[in-house]
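Number of protein chains: 2
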Amino acid sequence: MQLPSKHLDKAVEAISSLPGIGRRTALRLALFLLKQPQDFALDFGDAIHNLVKNAKRCVVCNNISDHDTCSICASVKRDKKTICVVEDIRDVMAIEGTQQYFGSYHVLGGLISPMDGIGPADLAIGLLATRLNSGEVEEVIFALSATMEGDTTNFYLYRQFKEIEIKLTTIARGVAVGNELEYTDEITLGKSIRNRLLYESSLTH
Amino acid sequence: MQLPSKHLDKAVEAISSLPGIGRRTALRLALFLLKQPQDFALDFGDAIHNLVKNAKRCVVCNNISDHDTCSICASVKRDKKTICVVEDIRDVMAIEGTQQYFGSYHVLGGLISPMDGIGPADLAIGLLATRLNSGEVEEVIFALSATMEGDTTNFYLYRQFKEIEIKLTTIARGVAVGNELEYTDEITLGKSIRNRLLYESSLTH
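The listed protein sequences derive, respectively, from chains A and B.
Sequential numbering of the first sequence, starting at 3, is according to the working numbering.
Sequential numbering of the second sequence, starting at 3, is according to the working numbering.
It is possible that some hints are incorrect.
Below, in silico cross-link-like pairs of lysine-lysine (DSBU-like), each with a Cα-Cα straight-line distance of 35 Å or less [claimed, not checked]:
1) B:K79 / A:K12
2) A:K55 / B:K55
3) A:K79 / B:K12
4) B:K37 / A:K8
5) B:K12 / A:K83
6) B:K37 / A:K164
7) A:K37 / B:K79
8) A:K55 / B:K8
9) B:K169 / A:K37
10) A:K82 / B:K12
11) A:K82 / A:K169
12) B:K55 / A:K58
13) B:K58 / A:K55
14) B:K83 / A:K8
15) A:K12 / B:K58
16) B:K83 / B:K55
17) B:K12 / A:K8
18) A:K37 / B:K82
19) A:K8 / A:K58
20) B:K79 / B:K169
21) B:K164 / A:K37
22) A:K169 / A:K193
Distance windows between CB atoms, simulated [stated by the list, open to error]:
23) B:F34 / A:R175: 24 to 32 Å
24) B:M95 / A:I195: 56 to 64 Å
25) A:G180 / B:G121: 47 to 55 Å
26) A:G128 / B:I120: 50 to 58 Å
27) A:G180 / B:P21: 28 to 36 Å
28) A:G99 / B:S73: 50 to 58 Å
29) A:E182 / B:P122: 53 to 61 Å
30) A:G128 / B:R25: 31 to 39 Å
A few chain B residues that face chain A, going by a derived Cβ cut-off under 8 Å, partial list only [unchecked claim]:
31) L44
32) F46
33) A49
34) N56
35) C72
36) S73
FYI, nobody ran anything at the bench for these hints, they're computed from the structure.
Note that the structure is a prediction, hence the values are computed from the model and not measured.
Where is the CB? At the ideal position from N, CA and C, for every residue including glycine.
Okay, chain A solo, but in the shape it has when bound (with noise of 0.2 Å):
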């Protein structure tokens, strides 16, 4: 697909180089650009530049952040003895939406995957040994996916951690509220048959 323009070419490889869009939606995306006012178009170009020059990582949790520290860190409501270990802001943003847990967060960044090159040195995991070698720290909660890099993750860091004097947790794999249980899969079933609780304590928490 040979493009008459070399800008419009230029954009069009930009645009896809983006995960999960192929040459052909790019070019639509550019030809709606194009179709915008001009403005319309500078300011999506500035939006993504202001993004990666202006956004930082929280020094103390490693969040997105537009100062040094983060919202919650800088919080003195939030419990700073409890961290809750998540992969990115995306999994900070659904806990937060739980309402469920007042505690601080550690985002790594990633998960460790062989596959795709990433191991441990590529995440925020120095930096949450620093937290958790303070002392101040009580719990460490491993909230992250119930996949095969998030199981290799949790194994990691439970391996680096397991020596200090810390409570670590992870969050309950089980049945999700609404499903039904002949359609939920083996394992998370057998998990949630082994991890069972005591009926008077579901209905508390």
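Chain A is already provided as a structure; the job is to place chain B on it using the hints.
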């Protein structure tokens, strides 16, 4: 979904303003850009800026071009007596891909669509009229999509130009090559029967 960074929020808003991209996908793409080396995202933004600042419209055919006249209109090898009218640059590329057409093009920049608020005045129809009135054109081929908008635009152009002494043709609608007859819709099949051609001429074309 409250994002902890204003810059991230603006980038997500900009990306999700693209057609077919929701807020969740936009966040995924913004995080992807943040994970790349900074130059990657800066180049991305520059490509968008350069596109809208530097890409022009060919003064003859309204196609996107880096120069005042596009490469097809500038080529002495192309037949300027035949103009193929298309919706946008993607159709030009599709037809060029067939290697069956050696005339020139006219890019309308859209189709008449009252539902989307697009009327004849929003398309490059005046420019087409100027070309047709020059007396140098012998045939105009309407190559628009077989949709309601395409048919409406076809009919509008026909009414505009039927008084001029120019052959007005439209690309054939029919059973697509490789398609089975029994699965072809009735309207297409009906058209392909009414517009049947001599078997002999189907062999040479």
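So, going through the hints one by one against the coordinates:
Restraint check for K79 of chain B and K12 of chain A: the C-alpha separation of about 27 Å stays at or below 35 Å, so the hint holds. Restraint check for K55 of chain A and K55 of chain B: satisfied, since their Cα atoms lie roughly 22 Å apart, inside the 35 Å limit. Between K79 of chain A and K12 of chain B, the direct Cα distance comes to roughly 27 Å. Compliance with the 35 Å bound is thereby established for this hinted pair. The straight-line distance between the Cα atoms of K37 of chain B and K8 of chain A is roughly 27 Å, inside the 35 Å bound, and the hint therefore holds.
For the suggested pair K12 of chain B and K83 of chain A, the alpha carbons sit about 33 Å apart, so the restraint of at most 35 Å is met. For the hint linking K37 of chain B to K164 of chain A, the alpha-carbon distance of about 30 Å falls within 35 Å, and the restraint holds. Between K37 of chain A and K79 of chain B the alpha-carbon distance is near 30 Å, which keeps this suggested pair within the 35 Å criterion. Between the alpha carbons of K55 of chain A and K8 of chain B the distance comes to roughly 13 Å, so the proposed pair stays at or under 35 Å and holds.
Simply put, K169 of chain B and K37 of chain A have alpha-carbon atoms about 31 Å apart, close enough for the 35 Å limit, and the pair holds. For the suggested pair K82 of chain A and K12 of chain B, the alpha carbons sit about 29 Å apart, so the restraint of at most 35 Å is met. The straight-line distance between the Cα atoms of K82 of chain A and K169 of chain A is roughly 14 Å, inside the 35 Å bound, and the hint therefore holds. With a C-alpha separation of about 30 Å, the suggested pair K55 of chain B and K58 of chain A falls inside the 35 Å cut-off, and the hint holds.
Between K58 of chain B and K55 of chain A the alpha-carbon distance is near 30 Å, which keeps this suggested pair within the 35 Å criterion. Restraint check: the Cα-Cα separation between K83 of chain B and K8 of chain A comes to about 28 Å, which is no more than 35 Å; the hinted pair holds. Proximity of K12 of chain A to K58 of chain B is assessed by CA-CA distance (about 15 Å); at most 35 Å being required, the pair is judged to hold. For the hint pairing K83 of chain B with K55 of chain B, the CA-to-CA distance comes to about 32 Å; that is within 35 Å, so the pair holds.
For a cut-off of 35 Å, the pair hint linking K12 of chain B to K8 of chain A stands: about 28 Å separates their Cα positions. The suggested pairing of K37 of chain A with K82 of chain B holds, with an alpha-carbon distance near 27 Å, which does not exceed 35 Å. Taken as a hint, the K8 of chain A and K58 of chain A pair is honoured in the structure, with Cα atoms around 34 Å apart against an allowance of 35 Å. Between K79 of chain B and K169 of chain B the alpha-carbon distance is near 22 Å, which keeps this suggested pair within the 35 Å criterion.
Restraint check for K164 of chain B and K37 of chain A: satisfied, since their Cα atoms lie roughly 30 Å apart, inside the 35 Å limit. Only pairs whose Cα atoms come within 35 Å are accepted, and K169 of chain A paired with K193 of chain A is accepted, the gap being roughly 21 Å. For the pair F34 of chain B and R175 of chain A, the beta carbons lie near 28 Å from each other, so the given range of 24 to 32 Å is met. Range check, M95 of chain B to I195 of chain A: Cβ separation about 58 Å, and the 56 to 64 Å hint holds.
Between G180 of chain A and G121 of chain B the beta carbons are some 48 Å apart, a value that agrees with the proposed interval 47 to 55 Å. The supplied range of 50 to 58 Å is met by G128 of chain A and I120 of chain B, whose beta-carbon atoms lie about 56 Å from each other. Judged by the Cβ atoms, the range 28 to 36 Å given for G180 of chain A and P21 of chain B holds: they are separated by roughly 32 Å. Between G99 of chain A and S73 of chain B the CB atoms are about 52 Å apart, so this pair conforms to the stated range of 50 to 58 Å.
For the hinted restraint 53 to 61 Å between E182 of chain A and P122 of chain B, the CB-CB distance of approximately 56 Å keeps it satisfied. Taken as a hint, the range 31 to 39 Å holds for the pair G128 of chain A and R25 of chain B, whose Cβ atoms sit roughly 32 Å apart. Taking 8 Å as the C-beta cut-off, the interface hint given for L44 of chain B holds, the closest approach to chain A being about 6 Å. The restraint placing F46 of chain B at the interface with chain A holds, with a minimum CB-CB distance near 5 Å, inside the 8 Å limit.
The interface hint given for A49 of chain B is met, as the beta carbon of that residue sits about 4 Å from the closest beta carbon of chain A, less than 8 Å. Hint on N56 of chain B holds. Least Cβ distance to chain A is approximately 5 Å, under the 8 Å limit. Here the hint on C72 of chain B is kept, as its CB sits about 6 Å from the closest CB of chain A, short of 8 Å. This hint holds: S73 of chain B has a C-beta 6 Å from the nearest C-beta of chain A, less than the 8 Å allowed.
Consistency note: the structure conflicts with none of the earlier hints.
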